[in-house]
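Chains as they are written, first to last, in the numbering used here: chain P, 1118 to 1441; chain H, 471 to 746.
Some hints here could point you the wrong way.
Straight-line C-alpha distance at most 25 Å; calculated DSS-like pairs for lysine-lysine [what the hints assert, rightly or not]: (1) H/Lys487 <-> P/Lys1266; (2) P/Lys1314 <-> P/Lys1154; (3) P/Lys1266 <-> P/Lys1250; (4) P/Lys1266 <-> H/Lys488; (5) P/Lys1314 <-> P/Lys1273; (6) H/Lys526 <-> H/Lys513; (7) P/Lys1344 <-> P/Lys1381; (8) P/Lys1213 <-> P/Lys1250; (9) H/Lys487 <-> P/Lys1273.
Quick list of simulated restraints, FRET-style, between CB atoms [said to hold, decoys possible]: (10) H/Ala621 <-> P/Ser1299: 51 to 57 Å; (11) H/Gly478 <-> P/Gly1209: 18 to 24 Å; (12) H/Ala502 <-> P/Asp1207: 41 to 47 Å; (13) H/Gln511 <-> P/Ala1264: 52 to 58 Å.
Simulated from the structure, these hints should not be mistaken for laboratory data.
Glycine residues also receive a C-beta, built at the ideal position from the N, C-alpha and C atoms.
What follows is each chain in one-letter form.
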Amino acid sequence: MMQAGESASTTAGQIAAQPAADLAIATRGLRKVFDGKVAVRSLTLEVPRGEIFGFLGPNGAGKSTSLKMLLGLVAPTRGQATVLGHPAGDVGTRRKIGFLPEHFRFYDWLTSAELLRLHGRLYGMSHASLRQKVPELLDLVGLAEHAGKRLRDFSKGMLQRIGLAQALLNDPELIFLDEPTSGLDPAGRRLVRDIIKAQRQRGATVLLNSHLLSEVEITCDRVAFIKHGEVIETRDLNSLLEGQTTVLVRASNLTPEMAAGVEKWASSVALQDHQLTLAVPSREALPEVLRYLISRGAEIYEFTPQRLSLEERFLQIVGSEGGL
Amino acid sequence: MGTWIMAGVTFREAARKKILWMAIAAGLAFLALFGTGLHYQMKDLAARGMNPILLKQIPGTMLMVGLYAIDLLTVVMTVLVSVDTLSGEIASGTIQAVATKPLPRWQIVLGKWLGFAAMMTAYLALLVGGINLITYAMARVTAHNVPQGFALMWLESVLLLSITFFFGTHYSTLTNGVLALGLVGLAFLGGWIEQIGAVTSTTSAVNVGIVASIIMPSEALWRRAANSMQSPLASVLNFSPFSSASLPSSTMVVYAGVYAAVALFFAIRSFSRRDL
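All chains should be built: construct the whole structure from the sequences, respecting the hints.
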């Protein structure tokens, strides 16, 4: 098992130098054709261990098929994929993998505790360890009160939660989450975020497939934009702050003089009522800007560096074909 | 290990979804009906002072009718309970969470197969055992060679199970059911053509029946089962679903066994190779 925090902050530059053993996922030219229709054109991807990696792309971009190939559910037409250092689909490696399918469906005649016990048994876990693990997980996903309730009486959100618990049974080294928050209310989404964070601290790798850009933005270390089953671009979300940064300042008494005053650090400044938006070439300048504004008497309520909007980039990539 | 877990889940599913209990209840109702009918029949025969040979022959024939109904019930029940297990779970995506666990896919198929096979064995044992007990209790008559007849009927059920599994890895639930029961119908018709052909000494008709049995040997198994369960005298006298004007060879029984094994093998192979 990996140590907490290990390689959690790996940047894009380092990835190329990663030896294969340190990669949770590595694919080269992975392709899938269903009855003459190309689902995934050529997926080449490297995800280091310990990273929270987001898969972004429009509907039909081949995200789920890619995940299924990595999990061994779908056989690639061509190309190679290794997962935790073994060929994708390797039965032994699945012991270290957790998976929440997109449309989580399971034997709805089971109760939630029975479902977890069954999956635990399929993972090869002992009855003794399951006696401890099952209540823990039910508690974690907020279903402790529903341990004896059958899944057929569960709401979509509850199914998503039990699906998530099922994906964590074996303390996996690699977790695939396909649209984990699609059926969840804001509290549920928060829960998923917290769980992903906890997995990161444990040193696990998470591959997150989500439509919700804000979720991905908050959760992921790196994202790949997928279109037609190809990686168009990967982005390191942690390093975005190192380069040009846009800062949003909300203050009650901003003046045009103050806006002019910060121009020496900024490449662009815009003032509108109580809101000042400025782009700085380096985030190193941010403390200076803040000190300056305070020294001029600005009553600051918010000072937020903006991550480059994923949404903007997503829409650029998706173009007019979009269809979230 | 995975195989046994899947077998257990399959059995538990049938119990939880009440399929098992309904099948048992229907089986018990069937036995109750049979017992009631036989009771009145025996009462009437005794009152009339029937001769002792006929007094054995009539309940013996009723027993064979009952066994024939059990055979049909078992075949249909085998297809019905297992028709959705692979195709349904593939279509709904339910199989994904299982197939990504550390167990080879063959264990999923074999486990499910074993679960259903165990269930059908219990079902068949209940009905065949029950009807023989009832007939013995009321008329001191049982089928001639129950173990052999039971084994042949069991093989018929297992054959249908393997075929349903095979189709289940290729087609939707409905198509699977249509195909499996269609084959049973074909074998049924072929069996009759063969019998009539044998009685009228029409070799071509017999051959049509044999070809039908090669395509689907279920009816041939029933005829072997019927032959081993009824008294040698009755099998010569009667022309019925139990008669053996043209008795399928023991090679056909071996063929049916191989057929079932091959169907299961290809079901496993196709499930292991297909995308889920």
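Evaluated hints:
no.	hint	verdict
1	H/Lys487 <-> P/Lys1266	holds (15 Å)
2	P/Lys1314 <-> P/Lys1154	violated (37 Å)
3	P/Lys1266 <-> P/Lys1250	holds (18 Å)
4	P/Lys1266 <-> H/Lys488	holds (18 Å)
5	P/Lys1314 <-> P/Lys1273	holds (23 Å)
6	H/Lys526 <-> H/Lys513	holds (13 Å)
7	P/Lys1344 <-> P/Lys1381	violated (40 Å)
8	P/Lys1213 <-> P/Lys1250	holds (16 Å)
9	H/Lys487 <-> P/Lys1273	holds (21 Å)
10	H/Ala621 <-> P/Ser1299: 51 to 57 Å	holds (52 Å)
11	H/Gly478 <-> P/Gly1209: 18 to 24 Å	holds (23 Å)
12	H/Ala502 <-> P/Asp1207: 41 to 47 Å	violated (54 Å)
13	H/Gln511 <-> P/Ala1264: 52 to 58 Å	holds (55 Å)
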